[in-house]
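S.K.: Chain residues, written in single-letter form:
Number of protein chains: 2
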Amino acid sequence: MLKGIHPLLGPDLLHAIRSMGHGDDIVIVDANFPAAFLGPKVVRADGVDAVSMTEAILAHMPLDTFVAEAAWRMEVVGDPGAEPEVCVAFQQAVHRLAGDFKVHSVERFAFYEMARKAACIVATTEFRLYGNIILKKGVVHPHEIFRA
Amino acid sequence: MLKGIHPLLGPDLLHAIRSMGHGDDIVIVDANFPAAFLGPKVVRADGVDAVSMTEAILAHMPLDTFVAEAAWRMEVVGDPGAEPEVCVAFQQAVHRLAGDFKVHSVERFAFYEMARKAACIVATTEFRLYGNIILKKGVVHPHEIFRA
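If you read the protein sequences in the order shown, they are chains C and A. FYI, the numbering for the first sequence is 1 to 148, going by my numbering. FYI, the numbering for the second sequence is 1 to 148, going by my numbering.
So here's chain C without its partners, still in its complex pose (with noise of 0.2 Å):
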């Protein structure tokens, strides 16, 4: 572990979010995604659940303000007006830790064609359905930059 590092994130997952720049994404997805063959490096995290990964990343990791929109989670199938207790989840932690973005709701096949670019995918053991999200880093300004 280190000081002042959110311990959820691993020497991998570390890397891969340093690695990311201005307007590259990120998803954190459920036990049940299909994360394997989609093609972007993935991170395991077994035993974790989505909603605390998200708070780790969104712990170090600004969402972008350049566009408008920063985050997304998967429509429910057959019931694109539900909000599912972990989509729920997942919001409150945006606002609490990124600040006054919308998590926006993408049809399941169109939310694949998104994850196909991510940076990096981090394959959780979330039980819930639809715990899967997706997050674009935004940009540390000069004043806010970390000095020891």
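Worth double-checking, as some hints may not be accurate.
Same chains, same label: a pair holds when it works inside one copy or across any pair of copies.
To be verified - The calculated DMTMM-like cross-link candidates involving lysine to aspartate or glutamate, where the alpha carbons are at most 20 Å apart (straight line), are:
(1) Lys-3 / Asp-100
(2) Lys-102 / Glu-83
(3) Lys-3 / Asp-64
(4) Lys-102 / Asp-46
These aren't lab readings, by the way, just hints derived from the structure by calculation. Small disclaimer: the values here were computed from a predicted structure and weren't measured.
On the provided structure of chain C, position chain A as indicated by the hints.
M.R.: Chain A in isolation, oriented as in the chain C frame:
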């Protein structure tokens, strides 16, 4: 870059120090040090000086309180009592960021032997001779763990 994480820690170096556990050593070396063929994985930090890199690592890595010595620098060849200015700066950085630890001096070839057993060598562009330091990682106690 990431929020709350020192910007000199790039993806590979974050990966390395997050992979290290209690008692593992990291070596930060100057531009003359024979880093590449010593054995441990080398992370390049070209353009960065060794004191700044030491500060970046100590911002997130505690030193080991379980042992009598947790930081070492290379002794001046032919003048073992000398303390070069860069070593004074190492000691100041250690006091400021890690606490009441002495940076002990170690004879040149003994320093190489210690470096061979390290987890990682960070190769800087430190111009000043004897700009080399070994740091032993300590523990992050449960009450010190970062929470979002």
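S.K.: Please work out whether the CA atoms of Lys-102 and Asp-46 approach to 20 Å or closer within one copy, between two copies, in both situations, or in neither?
M.R.: Result: close neither inside a copy nor across copies, 27 Å intra and 41 Å inter.
S.K.: Could you place Lys-3 and Asp-64 in one of the four classes (within, between, both, neither) given a Cα distance threshold of 20 Å?
M.R.: Close across copies (13 Å), not inside one copy (26 Å); limit 20 Å.
S.K.: Under a CA distance limit of 20 Å, which applies to Lys-3 and Asp-100: within one copy, between copies, both, or neither?
M.R.: For Lys-3 and Asp-100, the Cα distance is within 20 Å only across copies (17 Å; inside one copy 28 Å).
S.K.: For Lys-102 vs Glu-83, is the C-alpha pair at or below 20 Å within one copy, between two copies, both, or neither?
M.R.: within (13 Å within a copy, 57 Å between copies)
The structure fails hint 4 only (numbered hints given earlier).
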